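Peer 1: Each chain, written out:
2 protein chains.
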Amino acid sequence: MTLEIDLANQLCFSIYNANRLFNKFYVETLTPFKLTYAQYLVLMALWERDDQSLHELGQVLRLSSNTLTPLLRRMEDAGWLQRERPATDRRQLVIHLTTQGKQQQAPIEAAIATCISRYHLTIDEYQQALALNQKIITALSQDLA
Amino acid sequence: MTLEIDLANQLCFSIYNANRLFNKFYVETLTPFKLTYAQYLVLMALWERDDQSLHELGQVLRLSSNTLTPLLRRMEDAGWLQRERPATDRRQLVIHLTTQGKQQQAPIEAAIATCISRYHLTIDEYQQALALNQKIITALSQDLA
DNA sequence: CCCCTTTCAATCGTGTGCGATTGATTAATA
DNA sequence: TATTAATCAATCGCACACGATTGAAAGGGG
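Top line first, the protein sequences correspond to chains A and B. Numbering-wise, our numbering puts 331 at position 62 of the first sequence, and it's gapless, one number per residue. Numbering-wise, our numbering puts 295 at position 26 of the second sequence, and it's gapless, one number per residue.
Calculated from the structure, these hints are not laboratory results. Since we're looking at a predicted model, the values are computed, not measured. Every residue gets a Cβ at the ideal spot worked out from N, C-alpha and C, and that includes glycine. Watch out, some of these pointers could steer you wrong.
Output of the computed footprint for chain B on chain A, the stretches with three or more beta carbons under 8 Å from beta carbons of chain B [what the hints assert, rightly or not]:
(1) 346 to 359
(2) 375 to 384
(3) 393 to 407
Input sequences plus hints: build the corresponding full structure.
Peer 2: The following block contains the structure:
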């Protein structure tokens, strides 16, 4: 069906562009902290719960070691977190926040709040967009046997 | 406002994931043709109108030479298109489809149609998602003076 | 006709994403 | 216990994105 392809193409392209624009927004907001969006995702996960393994972080963010290993190394170099091999299982890599990583939570969130407020999206629009995206994600995540 | 940050974070993360899933879908569909999603975008633009300059393609796709130059080179190597310096303006690079690039349009679209149909999204859901994404893109694209 | 500005593609460096493989460590089982 | 299987992070290679710079070519003004 031509219509369906056309809509799918358009939707994919619009998601692709929305993602790039959101990324641009976060870059602008996070650059003063020398953070990327992916790194901010890791910080959020660790603010939520500290001392997660690379594997656990990967499940939350849907990323695996090929992406996370170098990303976490850069974040350790920048002083956000530390990586540690637990004695109980030396295969794993457990990540915990540094003092800097904890203390910067408030200023980072303040910076994002300031920047977000410049975009005039209503709570309703956020929630509708979220609900629809969730449908799309569910549809795209289904196992395609 | 904590709620607004939270919603923006969630929305951004969901768009980020929807984009990755869509990309995964297109990779699966386009790999038999040895195409990536970005390359497919270029093909679509050229099927719509052949003989566009790198600059024009960049305006449609919102990409510039740092991304397009290597991408187009790979596509030329793969036989999809040819790059040419027009005599009228030797700064520009005009792209035109090869016979292969034209002939593969139908089979590629057929493959995508087959794959798309496995995801059961309704026309309505596509259109709602598109409309909302457009709002987001508009909001994020506004000039931030 | 020369100089200056503008407009291009190309290049460079960095940071993801991700399929695939590797190698170390732990668990399971015969 | 010895062997095999499973589970980890790390590594490799490739293809985007994109800010920044470079250098060539064209245009415009004096």
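Peer 1: Next, verify each hint and record whether it holds.
Peer 2: Verification of the hints:
{"no.": "1", "hint": "346 to 359", "in the structure": "violated (count 0)"}
{"no.": "2", "hint": "375 to 384", "in the structure": "holds (count 3)"}
{"no.": "3", "hint": "393 to 407", "in the structure": "holds (count 12)"}
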